[in-house]
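Asks: Sequence:
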Amino acid sequence: MKDVDTFENDPDGYLYDPRARAAMAWIAGDDGDLPAFEASAAVRTASHAVDRLRSHGSEGRGVSAGALDLLIRLAARGQGISIGELARAAGVSSRNVTGLVDTLERDGLVRRVPDPGDRRSVLAEITPAGRKWIEDFRTPSRLAMKALFRGFTPEELVVLRDLCLRLAANQQRLSAHLRQIGSQP
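Mapping to UniProt numbering: the sequence shown position 135 is 135, numbers consecutive.
Since the hints were made in silico from the structure, they are not lab data.
Do not take every clue at face value.
Under the rule of at most 20 Å between Cα atoms (straight-line distance), these lysine to aspartate or glutamate pairs were calculated in the DMTMM-like manner [as the list claims (entries may be wrong)]:
(1) Lys132 to Glu156
(2) Lys132 to Asp118
(3) Lys146 to Asp51
(4) Lys132 to Asp115
(5) Lys132 to Asp102
(6) Lys132 to Asp31
(7) Lys146 to Glu156
(8) Lys132 to Glu105
DEER-style ranges, computed between Cβ atoms [what the hints assert, rightly or not]:
(9) Ala28 to Gln172: 47 to 55 Å
(10) Ser121 to Tyr14: 49 to 57 Å
(11) Glu135 to Gln180: 39 to 47 Å
(12) Glu105 to Thr45: 19 to 27 Å
The beta-carbon is built from N, C-alpha and C at its ideal position, and this holds for glycine as well.
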């Protein structure tokens with residue numbers, strides 16, 4: 001997909017996407033919900049921008065974005081982590097994590113080891129080759145994040161983080177509510 005900046009400034013000096021505004025205005029109708037719809041579209045645009053940057057950095061090195069997430073979690077933890085715990089931390093299924101661990105294991109970046117606390121279970125742990133891979137990835141990753149967030153103050157980054165996590169928390173509450181409603185007879 002080709003990146004095309006189509007953003008403009010509104011009368012208050014804030015960026016907006018005229019194409020997204022037009023589409024969202026139709027969906028929002030006349031109820032005054034346009035800012036929420038536009039914010040949702042902007043979050044999606046920003047998420048895609050971050051994903052494209054992460055994919056560019058990791059896939060060029062032979063690792064998918066999902067596998068990169070696992071490697072980072074394993075490297076940061078310093079010890080083995082169960083497949084279930086990795087899945088919960090990443091917000092994906094255990095089956096998805098099992099496939100990623102299989103791939104990383106084939107590449108020599110991760111290995112499965114017995115769980116000392118439960119002999120029926122195994123843990124995934126990063127190998128020395130995986131640690132080297134992550135170390136080699138750190139510098140370009142740091143440079144990319146600096147470039148991506150250029151012009152943001154530390155305070156703005158804290159607010160951005162807070163707003164994004166509040167959206168995620170609202171979505172989790174809404175999902176739990178919808179599951180509860182769906183399970184009622």
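Asks: Confirm or reject each hint.
Replies: Here is how each hint holds up against the structure:
{"no.": "1", "hint": "Lys132 to Glu156", "in the structure": "33 Å, violated"}
{"no.": "2", "hint": "Lys132 to Asp118", "in the structure": "29 Å, violated"}
{"no.": "3", "hint": "Lys146 to Asp51", "in the structure": "15 Å, holds"}
{"no.": "4", "hint": "Lys132 to Asp115", "in the structure": "24 Å, violated"}
{"no.": "5", "hint": "Lys132 to Asp102", "in the structure": "19 Å, holds"}
{"no.": "6", "hint": "Lys132 to Asp31", "in the structure": "54 Å, violated"}
{"no.": "7", "hint": "Lys146 to Glu156", "in the structure": "14 Å, holds"}
{"no.": "8", "hint": "Lys132 to Glu105", "in the structure": "15 Å, holds"}
{"no.": "9", "hint": "Ala28 to Gln172: 47 to 55 Å", "in the structure": "24 Å, violated"}
{"no.": "10", "hint": "Ser121 to Tyr14: 49 to 57 Å", "in the structure": "51 Å, holds"}
{"no.": "11", "hint": "Glu135 to Gln180: 39 to 47 Å", "in the structure": "45 Å, holds"}
{"no.": "12", "hint": "Glu105 to Thr45: 19 to 27 Å", "in the structure": "35 Å, violated"}
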